[in-house]
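K.L.:
Now for the letters of each chain:
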Amino acid sequence: MKELPPEKGIRNFSVIETTLEKIREKIREIYDPKKVHYIGVDAYDDGNKMEIRYWFLKKESNVVLLVKAPFDYGEKVPSISDIVKPAFVQEWEIADLFGINIEGRVENFFLTPESPRAPLRRGDKLGK
Amino acid sequence: MDFLLPASLLVLSPLIGGLLEGTFRKLNARMQNRVGPPIVQPFYDLFKLLQKRPILINNYHVIMAYAHLVAMVIALATFLLGGDFLLVIFFHGMSLALLSMGAYGVRSSYSQVGATRELLHILAVEPVLIMIAANLYLNTGTFLLSEIFNSNFLFKSMPLAFLALVAVLPAKLKKSPFDVSEAHQEIIGGPEIEYSGPFYAPIYLAKWLEEVLSAGLIAMFFLGNPVITLIAISVTFTFVLAVDNSTARLSYWDMVKYTWEISIPLVLVNLVLNYVGVL
Amino acid sequence: MASESKNKTREIQIKEKVYTTIPFGSQHVALPEPIKFIFDTENEIVKEIKFDIAYVHRGIEKALTTMFDFRKAPYVVGRVCGICSAAHTIPCAVVMERAIGIDREIPDRAKAIRMIALEINRLQSHFLINGHLAEVCGYENVFMHIWRDREMIMDLADMLFGNRVQYDVVCVGGVNRDIPKDKERVLLDKLNEIEKSVEFMEKIFTKDRTLVSRLKGLGVVSKEMALEYGIVGPMARASGVKTDCRVEDDWGLYKDLGFEMVTMEEGDSLARCLVRVRECYESIRIIREAIKSTEEGEISIKVTANPKYEAVCRNEAPRGELFYYVKGTGGIMPDRVRIRTPTLANIPILPEVMKDVSYNDIPPLLMSFDPCIACTGR
Chain A
1 MKELPPEKGI RNFSVIETTL EKIREKIREI YDPKKVHYIG VDAYDDGNKM EIRYWFLKKE
61 SNVVLLVKAP FDYGEKVPSI SDIVKPAFVQ EWEIADLFGI NIEGRVENFF LTPESPRAPL
121 RRGDKLGK
Chain B
1 MDFLLPASLL VLSPLIGGLL EGTFRKLNAR MQNRVGPPIV QPFYDLFKLL QKRPILINNY
61 HVIMAYAHLV AMVIALATFL LGGDFLLVIF FHGMSLALLS MGAYGVRSSY SQVGATRELL
121 HILAVEPVLI MIAANLYLNT GTFLLSEIFN SNFLFKSMPL AFLALVAVLP AKLKKSPFDV
181 SEAHQEIIGG PEIEYSGPFY APIYLAKWLE EVLSAGLIAM FFLGNPVITL IAISVTFTFV
241 LAVDNSTARL SYWDMVKYTW EISIPLVLVN LVLNYVGVL
Chain C
1 MASESKNKTR EIQIKEKVYT TIPFGSQHVA LPEPIKFIFD TENEIVKEIK FDIAYVHRGI
61 EKALTTMFDF RKAPYVVGRV CGICSAAHTI PCAVVMERAI GIDREIPDRA KAIRMIALEI
121 NRLQSHFLIN GHLAEVCGYE NVFMHIWRDR EMIMDLADML FGNRVQYDVV CVGGVNRDIP
181 KDKERVLLDK LNEIEKSVEF MEKIFTKDRT LVSRLKGLGV VSKEMALEYG IVGPMARASG
241 VKTDCRVEDD WGLYKDLGFE MVTMEEGDSL ARCLVRVREC YESIRIIREA IKSTEEGEIS
301 IKVTANPKYE AVCRNEAPRG ELFYYVKGTG GIMPDRVRIR TPTLANIPIL PEVMKDVSYN
361 DIPPLLMSFD PCIACTGR
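Protein chains in written order, with this note's numbering: chain A, 1 to 128; chain B, 1 to 279; chain C, 1 to 378.
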């Protein structure tokens with residue numbers, strides 16, 4: 001993996017910051033199955049705001065790429081599973097873990113109905 | 001023909017079948033480089049099954065299990081007491097059909113799929129047995145087993161028919177490659193899945209009787225000298241077990257295809273050879 | 001009344017095609033892991049598939065940020081999966097080191113021992129899955145033989161690392177115990193025996209007619225499909241995609257030891273199985289080279305700081321690419337840990353591949369994908 005100089009506390013991957021409205025175009029721009037490997041979906045909650053994160057790997061330069069977009073609690077997040085086909089599984093997973101309202105999500109895909117709701121969420125707790 | 005030997009064989013058939021099953025398991029384990037259970041393990045299993053709490057799904061389902069056993073007993077009794085060979089085949093097929101009818105009687109999809117596959121077993125095995133019966137008639141002039149049993153070393157004139165029988169034995173005894181109706185890793189025992197405890201016992205017992213019947217069918221070709229008969233039975237069963245341990249399971253279509261493409265032509269060739277007088 | 005019942009019968013007749021629904025899981029003999037498939041079949045041909053993986057979420061990501069400090073993290077993630085425990089502990093340790101900023105200082109000996117742990121882990125995992133694949137094909141005999149040979153590898157791990165399943169030999173900053181000279185010699189002897197059993201396995205999976213006829217042409221994944229669905233590990237390599245995190249990430253010494261990637265073009269179940277078999281040879285070679293290339297010596301460095309950077313690590317687990325992300329804040333616990341397990345990447349393609357396959361071919365097809373649902377649930 002290519003080493004990048006640590007900037008803003010980031011060690012070995014590069015970041016593209018965008019907004020929720022533009023994230024789909026951005027990913028459409030970047031993603032090409034032959035050159036870019038889709039790694040996964042992640043989310044992050046710092047207590048005030050949430051972030052949706054998509055991880056990719058540029059195959060030629062071997063650099064891990066993070067595309068992220070911040071959004072407010074309760075905001076509807078677009079799905080990218082029509083651009084990146086396998087994305088739906090992990091989108092539904094983080095939708096369950098963070099209580100994110102992702103387009104086309106299936107309830108209780110990753111958690112059982114009895115388990116605590118949105119266990120990884122920090123701020124703005126969901127009601128029981 | 002004296003009555004004592006067949007009658008005592010019939011009475012002892014559960015014992016013989018159990019020991020046969022135990023030997024199968026032991027041999028199987030040795031082939032897989034395991035220690036294996038003691039030879040009397042099937043009897044332990046049977047008694048344990050009878051002690052278990054009965055869980056009834058529906059009456060029809062259980063009645064069919066007993067009917068399966070009864071039909072198998074009739075088939076075996078007809079065989080040992082020297083009845084009509086066609087009747088043996090009929091009751092054998094009927095007992096399998098009863099098992100699959102019982103399996104259709106519950107809502108488990110594994111059971112239903114298994115029942116369909118069980119019917120395919122009948123489709124694979126029974127025609128070959130009927131062809132063998134026809135071949136026997138050509139050689140001995142009768143379907144009556146009491147007269148067929150008087151013959152001496154039928155293998156001499158029906159070697160291909162015997163090979164055909166060996167080829168369907170895996171399907172008959174539900175051994176790999178043709179254990180499609182049990183298919184532990186696909187449908188988890190198929191028609192037997194919903195039977196438990198004392199209601200599974202008749203099916204378990206019927207399996208032993210089926211093994212005795214198969215031994216009888218093999219013996220039919222090697223009558224005359226008891227030593228040769230025993231050797232033939234053990235060699236054939238060892239061969240079937242070796243095949244069981246050296247093949248993967250094939251699909252149900254393969255089963256029907258192979259038995260029809262290999263066994264039936266084999267008997268047919270034997271029939272023709274017998275007719276023209278070569279064998 | 002009569003007309004009403006007549007209408008009813010007509011309704012039943014009009015009803016669309018009725019499929020036989022076969023549930024597969026959440027507990028099934030062929031796959032003793034909690035995933036549930038519901039197949040709608042017609043003449044045992046699978047037409048529609050639904051699946052559910054909501055059974056074993058254990059909250060390990062959350063536990064890493066709220067309960068355990070970063071030094072304990074590798075031991076916690078070792079419990080994510082019993083089969084690929086070492087494959088989890090290594091990237092977790094590496095990603096913590098990167099977040100602290102000490103990953104350049106790890107001694108070579110520690111890297112070599114990590115590689116040995118990973119490759120032994122891979123060997124036993126590949127033995128396990130190939131044995132299991134034979135079993136679900138109805139070939140119990142091969143299953144028994146392969147799993148007996150697997151015991152040899154487990155005992156080897158026991159001898160080297162003190163445990164059969166959870167090695168826990170890797171820690172943040174290096175490894176916990178060295179491999180002394182006498183054990184190295186035993187290891188090299190045992191590797192010869194293991195190589196023989198790999199040869200036996202290869203012979204079975206290439207020569208045995210029934211097994212090959214079962215697996216050949218089953219569940220073909222073309223190269224385009226593999227790229228499109230982003231599948232990873234032996235499944236991708238069996239379709240001709242050149243991807244292996246052992247050369248793509250640099251926590252180990254793989255590049256120095258001349259790692260060779262195993263790929264095949266067919267993309268069917270047999271190819272997936274054979275890729276695993278051939279990787280076993282490569283693993284054995286790597287272990288030998290790793291022992292040869294380093295001497296007994298320093299095995300760990302002292303860790304004084306807490307994780308403060310954001311870092312990622314990609315590791316090649318037996319099932320494929322394993323992705324770890326850590327966001328450190330300078331505190332004793334990281335702010336966020338993300339684990340993306342290989343099975344999570346391989347699940348989306350399953351419904352596509354399973355369509356129009358006969359039900360009796362489903363267990364081998366599924367096992368050839370080597371799903372690990374305990375990993376997926378975390």
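By construction, these hints were calculated from the structure, which means they are not laboratory data. Quantities reported herein were computed from a predicted structural model and do not represent experimental measurements. One should not assume that every hint holds.
[As the list claims (entries may be wrong)] For each label pair, taking beta carbons as the anchor points, the in silico distance ranges come out as:
1. R164/C - P119/A: 26 to 34 angstroms
2. N108/A - E199/C: 44 to 52 angstroms
3. P32/C - N225/B: 27 to 35 angstroms
4. S8/B - R164/C: 18 to 26 angstroms
[Stated by the list, open to error] Take a look, some chain B residues computed to stay more than 12 angstroms from chain C by CB distance:
5. L50
6. V73
7. V113
8. T140
9. F155
10. Q185
11. G189
12. T238
13. W253
14. E261
For each residue, glycine too, the CB sits at the ideal point set by N, CA and C.
K.L.:
Run the structure past the numbered hints and jot down the numbers of the failing ones, going up.
P.N.:
Failing hints, ascending: 3, 4, 7, 10, 11, 13.
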